[in-house]
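*Asks:* Once you know that position 438 of the sequence shown is 439 in the numbering used here, the rest is easy, because the numbers rise by one and skip nothing.
No more than 25 Å apart at the CA atoms, straight line, and that leaves these computed lysine-lysine pairs for DSS-like: (1) 440 x 414; (2) 466 x 440; (3) 199 x 174; (4) 133 x 174; (5) 466 x 356; (6) 356 x 434; (7) 97 x 199; (8) 174 x 139.
If you anchor each label on the Cβ, the simulated ranges turn out as follows: (9) 423 x 467: 34 to 40 Å; (10) 241 x 213: 20 to 26 Å; (11) 94 x 363: 51 to 57 Å; (12) 109 x 467: 38 to 44 Å; (13) 177 x 467: 45 to 51 Å; (14) 160 x 424: 56 to 62 Å; (15) 442 x 400: 24 to 30 Å; (16) 423 x 70: 41 to 47 Å; (17) 175 x 122: 32 to 38 Å; (18) 94 x 364: 47 to 53 Å; (19) 241 x 123: 44 to 50 Å.
Keep in mind that the hints were calculated from the coordinates and are not lab data. As the structure is a computational prediction, the values presented were derived from the model and not from experiment. Where is the CB? At the ideal position from N, CA and C, for every residue including glycine.
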Amino acid sequence: MSRKPAAPKKSPAGKALEAAAKPVEALERALDPLATALKRATTKKTEPQPKKAAAEAAAPKPAKNAMPVSPLAVPFPKIPPIAGVQLATGRAGFYKQDREDLMVMRFARGTSGAGVFTRHGIGSAPVDWCRKHLEMTKGADVRALVVNAGCANAFTGKPGADAVRRVASAVAKRFDCRQRDVMVASTGVIGVLLDDTKIAQRLPDVESRLTDDGWAGAAQAIMTTDTFPKGAYAEAVIDGEKVRIAGICKGSGMIAPDMATMLAFVVTDAAISPTALQTLANLYTRNTFNAITVDGDRSTNDTLLLFATGQSGAPNITRAGDRRLADFREKLEAVLQDLALQLVRDGEGASKFVKVTVTGAESSASARKIARTICESPLVKTAFAGEDANWGRIVMAVGRADEPIDRDRVSVKFGPLVAAQDGLIAPTYDEAKMSAYMKNQELEVSVDVGVGRASATMWTCDLTKQYVAINGDYRS
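Using the sequences and the accompanying hints, generate a full structural model.
*Replies:* As structure tokens, then:
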């Protein structure tokens, strides 16, 4: 699936990439014109993996009270070893049931690190730790990642920060590195202090189990209300050398833009400088993890960490806009997109996977706001759950986004079927055909608001009774 990229002339996209290594806010302002120049990975998915790979992958025994697997689930891909990283899992005991809830990655010396984190007003202690130390080290020589499920360690004050420091210190001693070279992530119940002794006492066993081929188990260990493990894999070519990109993520509820509770960890054996890696992480978050929503609630713990071990043999790349990275950039975005969409497919209680595209908007920001308003409307989402093509609810959501629209030019489509046109019900509207379309598990809604040329796409799921049941019983 890999190909050696041609050497294109320096394009506006390349120039934008070179300038993108700036604060996230400044970068995002530059992304709208950039999006028209780069190929969207949403139309270039990673190579399909055999369904039997999910069954072949070793995975911890599910809990007795595990929820049914989402009907929208996709199989876990076959991920080969990525040079420069080893993985292991263990049971620290953050859950009452018998399941693994601790995951560790160990990286080769010289591994670059980059991260994008929630901007939630109540960020977690692990988020604070990673953000601080990536800034301090400039992302150079990250040596380890430790992740626990079952306790978010958010809204835990100084005791929570101290617990993270002790975890990093314990890992650093075992892996012979500095504690600032250890990244930490947590997911689970908010407001509960992390018992770091549970992690420290399991480290000897976890270290002894480190393996080059543990991606499926790692994806299982970080799950909370997820019903299936999520992974993605791709291969790319950098200056004639093959490189690998692999990632896992978790998330099912509390998913919304501003990092869609979600954790994602992506590793490549390419040699990419921390600055270039950070630019790519910032850039491709926008149309992947920040273009999905399950319930509109942002999380305290959202974290995307990207690591480059430099063990592939490909040349070292120091600029995100380097033309030799063309194929890699495309495949990296594809991996992030794949992971992000799996979060939506596992939305708590979801039975419908929905793509919403808004066109004809005044600006990209306006299109995104309208699309998000549609995706997060409880009335729209319950209509999806009821398989009701209630285009009136779509129109309602468009209007309450408070963005420029031309009411007399608004159109709404469900898949190929036109529901509304030029501000009225479409003359070709056919209720029977609409009802038949809404029985599909995967739906597309297209809205044109008639005032400009900008567009945006977001992905969401329906809102079912099961979502209420899952979250009503979450702590019990």
